[in-house]
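Q: Here is how the chains run, residue by residue.
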Amino acid sequence: MLAIESDALSKVYKSGVFRRQEVTALTEFSIQVETGQIFSLLGPNGAGKTTFIKMLLSLAAPTSGSASVLGRRLPDVRVREKVGYLPENHRYPGYLTGEQVLRYFGALGGAPSSALPGRIGTLMELVGMSQWRTMKVKKYSKGMMQRLGLAQALINDPEIIFLDEPTDGVDPVGRKEIREILRDLKRRGKTIFLNSHLLSEVELVSDRVAVLDKGHLLKVGTVDEMTATGQAYVIGITGTLPDPVTVAARAFVIGLSQQGENVTAECRTIAELNQVIDLLRRNNVEITSVTRQRSTLEDSFISLITGEGRP
Amino acid sequence: MKIITLVRGTIRELAAKATLYVLAGISTLMLIFAALAIGADSTADGMSITFFGKPASPPVTHDTLADLAGKLEAGFAGGLFFGVVVFGVFGTAGVIPDALEKGTVDLYLSKPIARWQLLLGKYLGSVAVIFLNILYFIGGLWLIVGVKVGVWNTQFLLSAFLLTYVFASLYAVVAFFGVVSRNMAIAIIAGILYLLLVAGPLEGRQTGLYLLSESGIYRGILDGLYYVFPQIPAMESGAIHLISGEQAQLTPFAQSLLSAGGILGVAAWLLHRKDF
Chain H
1 MLAIESDALS
11 KVYKSGVFRR
21 QEVTALTEFS
31 IQVETGQIFS
41 LLGPNGAGKT
51 TFIKMLLSLA
61 APTSGSASVL
71 GRRLPDVRVR
81 EKVGYLPENH
91 RYPGYLTGEQ
101 VLRYFGALGG
111 APSSALPGRI
121 GTLMELVGMS
131 QWRTMKVKKY
141 SKGMMQRLGL
151 AQALINDPEI
161 IFLDEPTDGV
171 DPVGRKEIRE
181 ILRDLKRRGK
191 TIFLNSHLLS
201 EVELVSDRVA
211 VLDKGHLLKV
221 GTVDEMTATG
231 QAYVIGITGT
241 LPDPVTVAAR
251 AFVIGLSQQG
261 ENVTAECRTI
271 AELNQVIDLL
281 RRNNVEITSV
291 TRQRSTLEDS
301 FISLITGEGR
311 P
Chain X
1001 MKIITLVRGT
1011 IRELAAKATL
1021 YVLAGISTLM
1031 LIFAALAIGA
1041 DSTADGMSIT
1051 FFGKPASPPV
1061 THDTLADLAG
1071 KLEAGFAGGL
1081 FFGVVVFGVF
1091 GTAGVIPDAL
1101 EKGTVDLYLS
1111 KPIARWQLLL
1121 GKYLGSVAVI
1131 FLNILYFIGG
1141 LWLIVGVKVG
1151 VWNTQFLLSA
1161 FLLTYVFASL
1171 YAVVAFFGVV
1181 SRNMAIAIIA
1191 GILYLLLVAG
1201 PLEGRQTGLY
1211 LLSESGIYRG
1221 ILDGLYYVFP
1231 QIPAMESGAI
1241 HLISGEQAQL
1251 TPFAQSLLSA
1261 GGILGVAAWL
1271 LHRKDF
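Protein chains in written order, with our numbering: chain H, 1 to 311; chain X, 1001 to 1276.
With the rest of the complex left out, here is chain H:
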């Protein structure tokens, strides 16, 4: 089942006295997110990531196109009963304690009042905020606010959780904890839609990733698909390649280079890779490993944004 589906969703913001100035935030954006996945939307500032979430939550109306969440075509206020949202730069009432914030927004989300105390306790513990639950929010640090925001997004036991920069301002230990929470939520069948600038983190938790730039979808796929770099393989060997072997190998691959005890062979087909391996073995070169060469998600992202890696 699809948790989120958008079909040619576009958004043009109009501003100015006569609303004549137009800013295109999103252009014919179509994606499908399966239930139970961690899906990340990546893009530079102003790419349209937050606009997309806001349209799914009916905070902004689409200029054209359509979208549905959990099978319900938007706008539909009932969808929000099953959705949790951690906005970027959220502002909680400073005069409330963390616990009161959860009670207030939990009640607005329709959670039964009898269930709230137990749920608040569980969530405060989950996000590591139990000892500060009675402290006023105005005294919270940025990281504590993010943790509280995550708990708030989960207070109504949602099926889909939208998180906009959830680890912003959180220390490395806290980030790891949040990653664990996300994985745990996924194990429990929740769908997580993540907007983040922290590509290394996205890489660690996401099932699928979409890259957006200036409102246009550039690429969508699994993290493996996004980071694969064609048919380049890294062959681990002991020692160095004899020159005649290098020359012979270069005859049937696109490129071959050696760095330390790693030989990188850029092949057109798997058959070419096997030819290289056969050649090395015939020449008594000891092979310790063969792995497909990958770039980091950050490299792939930058390559896409700068246009080098666009399909």
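Because the hints were derived from the structure by calculation, they are not lab data. Check the hints yourself; a few may be wrong.
Straight-line alpha carbon distances no greater than 20 Å define the calculated SDA-like cross-link-like pairs of lysine to any residue that follow [to be verified]: (1) Lys1002(X) <-> Arg78(H); (2) Lys1102(X) <-> Ala61(H); (3) Lys139(H) <-> Ala1015(X); (4) Lys1274(X) <-> Ser66(H); (5) Lys1274(X) <-> Ala61(H); (6) Lys1102(X) <-> Val23(H); (7) Lys1274(X) <-> Lys139(H).
With chain H's structure known, arrange chain X on it following the hints.
A: For chain X alone, coordinates are given in the frame of chain H:
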């Protein structure tokens, strides 16, 4: 249920702001002053109201004393009206713009609540806080007059509802500008300017604005505007008459209810169309 949660949340929000404690403090000072000043003296000729121990009225019968006490209370209620408007608008004008601020509105509207519910919850919460403040003052004064003069004018207690009703009508205008501008200062200025430059002149149009032109169209427009907007001065005057036990026209109250409802409806429609 969600509207009640929003109302309670707004009461808590306003309780956290110093402005309303200032209003409660001023009310308390006025009540202390009233408790020290107001008294009654019984003589062979009847009873008289005293002010700091000195007779403020000739000795009268108990019935006449009740009338005098009613007028005294009506005077206080009239005086309170200005305080309610100024402090009430200042203290509550930020409620709706704050709720619509980036980072806050996202939290509200990501919950299964309609935008009109958010507006209504915040509106009713603000009005409820002002009602509590008015009730504190009116209730306190009613007790003081009752205990010290021996006149228990239940009609005076009604004035707490009347004054709240008048404030609620004006607050619809403040809420409207809060939605349109999302700015507290603009909402305050618009509310006060409406009171001074629209409601007041329209109320006295027959002796003021009518003199600018004899055109039937012009005067018709003025009359139309008078019936479109909440009639704050007419309600204030009606409230004072009612507290004094006199007859008062109820039409301004009914018309203002429709008008304030219409203004809130337009505000809800504008809010519904906004992108956040």
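Q: Sort out which numbered hints this structure fails and list those numbers smallest first.
A: Structure breaks hint 7 only.
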